[in-house]
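Protein chains in written order, with the numbering used here: chain P, 1 to 315; chain W, 1 to 315.
It should be emphasised that the hints constitute simulated quantities derived from the structure, not laboratory data.
The structure displayed is predicted, hence computed values, not measured ones.
Keep in mind that the hints are not guaranteed to be accurate.
Same chains, same names: a pair is fine if it fits in one copy or spans any two.
[Unchecked claim] Calculated pairs, EDC-like style, for lysine to aspartate or glutamate (alpha carbon to alpha carbon, straight line, at most 20 Å):
#: 1; residue 1: Lys14; residue 2: Asp206
#: 2; residue 1: Lys202; residue 2: Asp268
#: 3; residue 1: Lys293; residue 2: Glu61
#: 4; residue 1: Lys147; residue 2: Glu216
#: 5; residue 1: Lys46; residue 2: Asp206
#: 6; residue 1: Lys312; residue 2: Asp206
There are 2 protein chains.
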Amino acid sequence: MSSRTNISCLQEAKRVAIFGGTHGNEMSGIVLANMWIQNATEIERKGLVCKPFITNPRAVEKCTRYIDTDLNRAFTPENLSASELEALPYEVQRAKEINQMFGPKGGSDAYDVIFDLHNTTSNMGSTLILESSTDLFNLQMVHYIKKAMAPHTCSVLLNEHPQLKYSTTRSVAKHPVGLEVGPQPQGVLRSNVFESMRTILKHALDFIELFNNGVEFPPCTVNVFRVQERMDYPRDTNGNITAMVHPHLQDCDWEPLNRGDPMFLTFDGRTILYEGANTVYPTFINEAAYYEKQQAFVTTCREILAANAIRKAFK
Amino acid sequence: MSSRTNISCLQEAKRVAIFGGTHGNEMSGIVLANMWIQNATEIERKGLVCKPFITNPRAVEKCTRYIDTDLNRAFTPENLSASELEALPYEVQRAKEINQMFGPKGGSDAYDVIFDLHNTTSNMGSTLILESSTDLFNLQMVHYIKKAMAPHTCSVLLNEHPQLKYSTTRSVAKHPVGLEVGPQPQGVLRSNVFESMRTILKHALDFIELFNNGVEFPPCTVNVFRVQERMDYPRDTNGNITAMVHPHLQDCDWEPLNRGDPMFLTFDGRTILYEGANTVYPTFINEAAYYEKQQAFVTTCREILAANAIRKAFK
Ligand SMILES: [Zn+2]
Ligand SMILES: [Zn+2]
Numbered sequence: 001m002s003s004r005t006n007i008s009c010l011q012e013a014k015r016v017a018i019f020g021g022t023h024g025n026e027m028s029g030i031v032l033a034n035m036w037i038q039n040a041t042e043i044e045r046k047g048l049v050c051k052p053f054i055t056n057p058r059a060v061e062k063c064t065r066y067i068d069t070d071l072n073r074a075f076t077p078e079n080l081s082a083s084e085l086e087a088l089p090y091e092v093q094r095a096k097e098i099n100q101m102f103g104p105k106g107g108s109d110a111y112d113v114i115f116d117l118h119n120t121t122s123n124m125g126s127t128l129i130l131e132s133s134t135d136l137f138n139l140q141m142v143h144y145i146k147k148a149m150a151p152h153t154c155s156v157l158l159n160e161h162p163q164l165k166y167s168t169t170r171s172v173a174k175h176p177v178g179l180e181v182g183p184q185p186q187g188v189l190r191s192n193v194f195e196s197m198r199t200i201l202k203h204a205l206d207f208i209e210l211f212n213n214g215v216e217f218p219p220c221t222v223n224v225f226r227v228q229e230r231m232d233y234p235r236d237t238n239g240n241i242t243a244m245v246h247p248h249l250q251d252c253d254w255e256p257l258n259r260g261d262p263m264f265l266t267f268d269g270r271t272i273l274y275e276g277a278n279t280v281y282p283t284f285i286n287e288a289a290y291y292e293k294q295q296a297f298v299t300t301c302r303e304i305l306a307a308n309a310i311r312k313a314f315k
Numbered sequence: 001m002s003s004r005t006n007i008s009c010l011q012e013a014k015r016v017a018i019f020g021g022t023h024g025n026e027m028s029g030i031v032l033a034n035m036w037i038q039n040a041t042e043i044e045r046k047g048l049v050c051k052p053f054i055t056n057p058r059a060v061e062k063c064t065r066y067i068d069t070d071l072n073r074a075f076t077p078e079n080l081s082a083s084e085l086e087a088l089p090y091e092v093q094r095a096k097e098i099n100q101m102f103g104p105k106g107g108s109d110a111y112d113v114i115f116d117l118h119n120t121t122s123n124m125g126s127t128l129i130l131e132s133s134t135d136l137f138n139l140q141m142v143h144y145i146k147k148a149m150a151p152h153t154c155s156v157l158l159n160e161h162p163q164l165k166y167s168t169t170r171s172v173a174k175h176p177v178g179l180e181v182g183p184q185p186q187g188v189l190r191s192n193v194f195e196s197m198r199t200i201l202k203h204a205l206d207f208i209e210l211f212n213n214g215v216e217f218p219p220c221t222v223n224v225f226r227v228q229e230r231m232d233y234p235r236d237t238n239g240n241i242t243a244m245v246h247p248h249l250q251d252c253d254w255e256p257l258n259r260g261d262p263m264f265l266t267f268d269g270r271t272i273l274y275e276g277a278n279t280v281y282p283t284f285i286n287e288a289a290y291y292e293k294q295q296a297f298v299t300t301c302r303e304i305l306a307a308n309a310i311r312k313a314f315k
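Starting from the given sequences, assemble the full structure and let the hints guide the process.
Here's what the structure looks like:
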């Protein structure tokens, strides 16, 4: 078999969207999207439609995560097919509008790539979030971005978990990519976080331009962290937390957590240890928005994904 | 003149309150106050009434700074005397209730000391906020706390500025003390910030107990940072920010800012320098809640306050 047969020929990526404000208090993406709506020079690439867009303008206006319900969980088949006549929550209305503009989700007319820009209060650094381990275009793009960012780290979080995967805003695109950069408090814009996000997007658009120009990308491997399990805070019978993330775990996103390592510190000073059998790599540690989602952090395992060579299909 | 004549004899401090949740998304004070409402052992001191209290329960419930208006600006004479009949904003109603329970502000029946617990997204560390340079009781208490916290730093912010001083929740007490500990994102509880706040309160209550027991505190001096000026972000004609806190200034609360030092970084990469004639000490740098208050940071100057010796007045 010649190496030639191992090249996957993929559709050109002609329409790209950059979403800011899916969560209205995550400032880097909001400011970047608004900046590019005013002046798109920086994101223009030959032969590419690149649309910056504020997905949840009312939440942005109020500088809150959402108005009625989390937009980034709202792109379910039920919501997207809900009748216009019902009195829908604001974010469900928005989901339907976004699906019409950039989708339809799963359809051939959907946008090729959507970058959805998020910030986290966790010490995750620059993180790309993928929803599929078999999307060769995204794996090659992520590989390209990681190389271009070196020596700075860019982690890849893979959420394919049957229960924990959720219906994201970006999921209307053929190739959905989440950008999650932190730590940054809600409502705050930090220059270092802003510039990291901007640089990642530059490399991502460069990759798409090269791909569209017919450049062939050789086989590669990508180190990812695969979502495994949600860990909640210890709580009392009223649902109130009774412990905090332990200082030894706080800010240690992506670092190994072994059986017997400190995990929580109760208000009365007891340490709660991690009891899992296997070493895990926690992330989203102490994210502000996840208290209400009963999640203190999420555990991941390390995995190496292999991707075929790709190039643009010539019609 | 004998040294004896330089001792100020002050009223005993028999009623103390600890306020959490004046801002409903500043978690350390909320969790501490709720913890002590359930079990007060830790804050009990002989001969002292010490009342933990959630000041803005509806904002706490929603994990937002406020419902209608900032409670920590609401204790104005106009608000406190507003007629019950009007349809008042929620926080104005609360201000009136709090003033009845713990005040009346300026009256002889008011609580002796109120500690109001706040968090900030700024890198301010542990900070005590005073509203008067002539409150000997507070100056001596702050001196005691600073010494007890060493080698850890505890800064003192003095806000006596004729325009920038505001009508705080704690201002109903005879001796109002703000605790501001950071950095901590809104909606997040960090164990290090939580423990710092708890330790400061322990020392504060110890001081009050000693004072009530008749201990004499010798003359002392206190290094404070006096509020000078509010600095806003650069903005466009629509009021949107056009620059970020410069990376050289970000997280550098309490460090000198000299004429010619970088202050802001515009989105198109220009550095804006500090042009003031005198060296200042910025604080509340990039605090999330102050974007809407048109404040990127506040400048302070260093000052040394002298305090007389004090002891309890014997009736
Ligand atoms: Zn988000
Ligand atoms: Zn506050």
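Task: Numbers of unmet hints, in rising order - done: none
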